[in-house]
Structure formats: structure tokens, C-alpha cells
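Participant: Go ahead and model the full structure; you've got the sequences and the hints to work with.
For the record, the sequence lines run as chains A and B.
In terms of my numbering, the first sequence opens at residue 213 and continues consecutively.
In terms of my numbering, the second sequence opens at residue 1139 and continues consecutively.
What the hints contain is simulated information worked out from the structure, not anything from laboratory work.
A few of these clues could be false.
To be verified - Simulated crosslink set (DSBU-like; lysine-lysine; CA at most 35 Å straight-line):
{"hint": "1", "chain 1": "A", "residue 1": "305", "chain 2": "A", "residue 2": "288"}
{"hint": "2", "chain 1": "A", "residue 1": "288", "chain 2": "B", "residue 2": "1306"}
{"hint": "3", "chain 1": "A", "residue 1": "305", "chain 2": "B", "residue 2": "1306"}
Fair warning: this is a prediction, and the values are worked out from it, not measured in the lab.
In case you want the letters, here they are:
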Amino acid sequence: MNPPRLIADRIAVSFAGLRALSDVSLELVSGAVHGLIGPNGAGKTTLVNILTGFQAPTAGNYRLDGERLNGLPPHKVRRGGIARTFQGGRLFKDLTVLENLEVAGLGLGLDRGAAEVLAEEVLEWIGIADLADELAGSLPYTDERRVGIGRALVGRPAFILMDEPAAGMSVHEAEALGRLILRIAEERHCGVLVIEHNIGLVLDICSHITVLDSGEIIEAGDPETIRRSEAVRHAYMGTQADIVSDAAVL
Amino acid sequence: MAGLLQPLFDAISLGSIYALGALGIALIFGVMRLINFAHGHYIAFCVFALLIPSTEVVTGMLLGALPSWLIVLSVLGVGALLSIASEVVVFRRLRNANPAVLMIASFALGIVIQNVLLVSYSSRPKSVSLWPELSLPVEFFGASIPLLQVLTVLVTVVLLLGLVFFLKRTRFGLEMRAAAENFTMARMLGVRANRIILLAFGISGALAGAIALVLVSQTGTADIRMGLPIMLIAFVATVIGGMGSLQGAVFAGFLLGAISVTLQLLLPLDIRPFRDAFLYLAVIACLIWRPEGLFRAGPSSERV
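Facilitator: Written as C-alpha cells, this is what we have:
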């Protein structure tokens, strides 16, 4: 049997005549980590919003195993097997860590008991079972991210799209996150899309990378191709200082 | 000791009423950012449901003629149904409207309910003799406390514990807490919004019914305006508790009850009629001190 594929086919979005994305195509395969990089405002989050039903594309379509997902609301996309994380975690702060994951299970149609079992399994697997009864609002930054990823892993989605999971992390923390992402792909056979400004991390863990700039794909390929690409270097040099320092690893 | 017990019971039983009202308002605010100003009219409606519609001064019992346990169930049910009906008929159609529109709709709904009562029962207060035996005092550590006050406190504690169990241990409770904190996110995760909102309205209305029963057995009268002062204080309690925080609403309800009774006790006799002015002064002070409410994390602790 072929592994599941999530395919975006010539996606375009415009807001009030302004093109945020044009003709963006990419393909995610389960078990592989795919990177999506590009300067601020390149349209990365917009693409994730579209692939998870949060936003409708102006043109183009996206399919999971040949089935069109266009027009499905976020929770149906989630039930279909595509989960996402958000910038900054966006947990329910007044709920415990375990309850945060349970809500995802309930949303998938499970009863409370089954949701709890599933939530515990995921926390155990990530290695944060000891946080289960903490209030999500009291967590330090990095744990918050891992809980956010845990919430997305509930129900064994075929794909998980992560929006800047390493933002604000130290080098050491980002490495640990990188190992977690690789485990998600290898052990849970999930297809992962990682949006990141930490290009070092992306080059380390991704087998395939797509580079967006001003809503268009300017380069795609394996990490070696990206590292050597003139177009990528050019795109990053043209932007502000923090991105230039990101690009120092290129 | 015995001398302090009476005001303590006064404070807790008054606080109970405020807490139940605040909880009813906070539940709805949590799931749909609606401050339901019709809530006070739900209370009056529940009281009048005990009586046969008549514009005469004296009228017979309707629900009030039932056996006691059926009175309780049916009045809670009337509250729940009225509240659910207002969601289905009015608020659901305004789901995407901004909070100001929702609030004004709730004012309008309140006026409609009040006028329905006005037409059916006239504006004259009616005397209702519900469970007169409850006003008998019971001996309690040397103080004699009216049985009704003891019951009010007990019923409130039972309702609060029941609600805590519901919110913590059941699936709908967990979904409701998630939806109360971040409705959009809960919905995106697949929580069924309409079901949760209906449930919140049902519980909120039943709480209004509980307040109605306590009020009518305390005062022995039915007045179409009787829910309004409660509604006002309960609304203030939800604000100082932190909008959307359920435990904050309950805590602030009891706090306001305690402040009221303390003021009543300590203020000199000729200033006592202005008790509420002092109460609201305390509220203003509280809001200046913590504008986000007692139980909400301040903006400073929010990560950017």
C-alpha cells in the first residue's frame, strides 16, 4: 500500500487584490519531515491555514490521498487526519495539560474515558507524563510547545503541520525539539511540515525543503540544494537583520 | 459567638443568591461573550410560574400547587426552558454579531419577558405563600437561624459541588470549560458549539429558577421587578470576579454578600440607607486595583 500523501496543487490566495500566495504546490508524504522556510510575510502560515481548513484558497486545491479537502472546516480536516500546531502554543491555559489533550480527543468524537487514555498515551510517548496535572497556563515556554504538539498528536493524525515550533527556543532546546519531530515521523509514521525561521534546524531534520518568498516558491529540494541555492541566499539577504543571521548557516 | 453567627448566616445566604446569579451570567458569557441582561427577568418569570395568570390581587397557585419536590423540579425546568428558548429564538440568530448587539438584544428580550408578565399578572406585587414552615427558626450553637437560610446555604453548596463535578468530570463539562476559555479554538478542535451553548443556557436558566425559589420563599411576594437587583449585583460580581471565570464569579458573589452584610452591621443608623453606595464604592476600588478581575491573569502576565 502506498503511504498517505497530502498534496497542495497550485494554491493561490489574494486579499483585496494583493497576492499572498500564487501557484504554490507541495507534497507531503507520511513518515517524512518537510521544511517550509522563507522571510517574514512570505505566506508560510497562510499556506498552513489553507491546508488545515482555516482559510479558503482563491484558487487551486488540496487533497489527502486523492480526496479533495477544499471547503472542509478545520475540525473535519482534523478528523480526516491533518493536525496542526499554532505559533505560541495557544493552549487552554485554565485547563490542565491532560485536559488540553483530552479536548482534542473529545473533538474527534471520543468519550471522556477514551480521550483520557489517548491523552495519557501521547504524554507518555513524548515524555512529559509528569506534567499531566499542571495547569497549561503555568508551563514554561518549551513545555507549552511540547504540549501543543501533544494535542496535535492525539488520535494519530496522518499529517501534522507545525507553525514555528522552535520560535524563542535556545540552541539546546531546538535540538531536543528536532529529535522529537524526527521521532514523530519515524515512530508514529506521521508526515510533518515544519515552518521555521531556525534554518539550521530545518536543514538538519528535513528531507525536503520548500522556500517561499512573497507568496511564490523560489526553490525546492533536499537540504543540499537549498544550501547551495543562489535564489534562497538572495531572498534572505534582502530582508531584515535577524533573518540575515538566520541565513548565516546557509 | 452566637451574636456573630446570625450575621455570618446572613452574609453566606445573601452571598449564595449572588453567587448563583453570577454563575448563571458567567456561564453564558464564557461560551458566547454575551452579557445576558434578561437573566434577572428569568428569575421573575420563574417566580410567576408558581401562580395562575391573573391580574387580580389574589390568585391561586399553578406550579405552586404541586408537591414540594415537583415544585422544585418544575421551576428549575421552567428556568432552563425559558433560557434555552431565548438562545434558540434570539441569540442563535445573532451568533456572529458583535457583543454590543448581543447585549442590546438581551435587554430587549428582558423587556419582552417583563411585559408578558405585566399583561398576564399586572404590575401589582402578589403575595405567595410558599413553604411558610421554612421561616421557623432552628437552634444553631445558641443562635436561632431561620431554617430557610440554612437551606439556602445547603442548596447553594450542593448546586456548586454538582456543577464542579459536571465541569471537571464529564465530557460536556470539559468541553464547556475549553469553549469558555477559547471558543474558536475549541470549535476548531471539533467541540460541537451549538450543543455546548444550549447546555450552558439550560444550566444558567435552571440557576435562575433556583434563585427564584429562594427569593419567593424569603420574601413571600411575587413582583415582576424582583430579579433586577439580583441581576445587577450578580453582573457586578462576574465583572470583579473576572469575566468568564466561573470560580471568580462565585467568589465575588459571596464577597459582595459579605460586604453588604458587614456594611449593614457597621454603618451608623442614619447612613445605613446608603449602604449600596458604599458597596459600589468598594466595587470601584476593586476595579481600579484589578481592572481585569480578581481571577483573571493580568495583561502583564500574557506572553506576546
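Participant: Please list, smallest to largest, the hint numbers that this structure does not respect.
Facilitator: none
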